[in-house]
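Going down the list, the sequences are from chains A and B. To convert, note that position 53 of the first sequence is 53 in my numbering; the numbers rise steadily by one, no gaps. To convert, note that position 1 of the second sequence is 1001 in my numbering; the numbers rise steadily by one, no gaps.
One thing to keep in mind: the hints can contain errors.
Partner residues are not named here, just some residues of chain A that face chain B (Cβ under 10 Å, in silico) [claimed, not checked]:
id	residue
1	LYS145
2	LEU229
3	ILE241
4	THR314
Since the hints were derived computationally from the structure, they do not count as laboratory data. Backbone N, C-alpha and C fix where the C-beta goes; we use that ideal spot for every residue, glycine too.
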Amino acid sequence: MAKKLNIAVTGLNAIDSPGPGIPVIRALKDSKEFDVRIIGLSYETLEPGIYMHDLVDKTYQIPLPSGGQDILLQRLAYINEQEDIDVLIPNFDAELFSFIKLEDYLKKSMGIHMCLPTIDQYEQRHKVNLNEFGDKHGIKVPKSKMIFSTAEISGLMDEFSYPMVIKGKFYEAAVAYNYEQAATHFNKISAKWGLPIIVQEFVYGTEVNVTAIGDGKGTTIGAVPMRKLYITDKGKAWAGITLDDQNLMDLTTNMIGSSKWRGGLELEFMKTKDDEYYLMEINPRFPAWVYLAVGAGQNHPEALVKMALGEEVTPFKDYEVGKLFIRYAYDMIVDLKEFEQISTLGEL
Amino acid sequence: MRIKKNIAISESGFIFNPAVGDSYSTNPIGTEIIKMLKESKSVAEINSYILNTYQVEASSFEKDLYDFVKMLEKYKLTETNGQEA
């Protein structure tokens, strides 16, 4: 008989640059071991997941990460009183810091379980520390540097040449082919995500990504590599296919082994024409395409829930190669009453 | 030279390279040639088989076969003694 669980999930923004919440929920709904009631945690009133009642049973607004941990804790205490949450899965980079800090407290005082990377792992894989991370774990990383003003761009010409990549602290990146473009991207991205901005060497190649999960002791519980087949103007995969790439799998298991990564993650690599792999980014949570792993035979979110509850998880051995995902857009029709309820009461 | 072991070819001529996720489609003759390469038949053997089986001009087919094999190499679908051709 399936175990009944109340699972809270963030990242309900199933938009053109989607959060991983909805695919994580679909994965949990597919589980044969769990019978889940999904509690959505939203930041904006127009996150589509709020209105997807076949997937999300109840949604509560939570304060933005910029509000601090105290206000988040108060809100979670209220939500937990109503819903008795067993497991919480945060899916945004920007909120992870607060949840990692609160992990022990939430478990002890409210019985809410999570499976997150440690604060050190979270910091080490940060874009601004990625070169150091690559050196430590023997992975090639494109040369990168933090800058705090456009005045620093000209001074980078000894170390960098155009094109170069201008990246935000949390999200967004753009390729610059000259100083003017670099300065424009700097201003645009820093206005949205703050400073610093990361300037990165441009590596030509094919983008290949891995969604994976580590047990925190060095074992890779699961890993599925994917190549983006269709990329949106925001650089997001709109379609992708699972690969049989042993080099990529070795890089992933080595990295998880040496860093003892705990929880879900996404590794983004650029594969050059000489078959060299450059680590572009590590996202400390599942990607929005994680449901492809489920389709290929590895239910990573289900494994994450088991790990959060302290259950033994047997590592996945294989997955189906050549499985595709193709994303689509879908217009929901929503009554104003529902929009009004989430806007005014903060729950739906 | 032969087609890499991991390359999947369907009856309809759909070719999938699972290492990189690329896919291609070819016509029935292309499918037949790829299958023969997969069975480690040499290009010369394939050439004579096709010339004996189908009505085709030798000089024209030889050139087409050469181009086709070069294209397979370019797409990294072939190997020679386990090494990429």
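Here is what the structure says about each hint:
no., hint, in the structure
1, LYS145, "violated (31 Å)"
2, LEU229, "holds (7 Å)"
3, ILE241, "holds (4 Å)"
4, THR314, "violated (25 Å)"
When the structure is compared with the earlier hints, violations turn up for hints 1, 4 and for no others.
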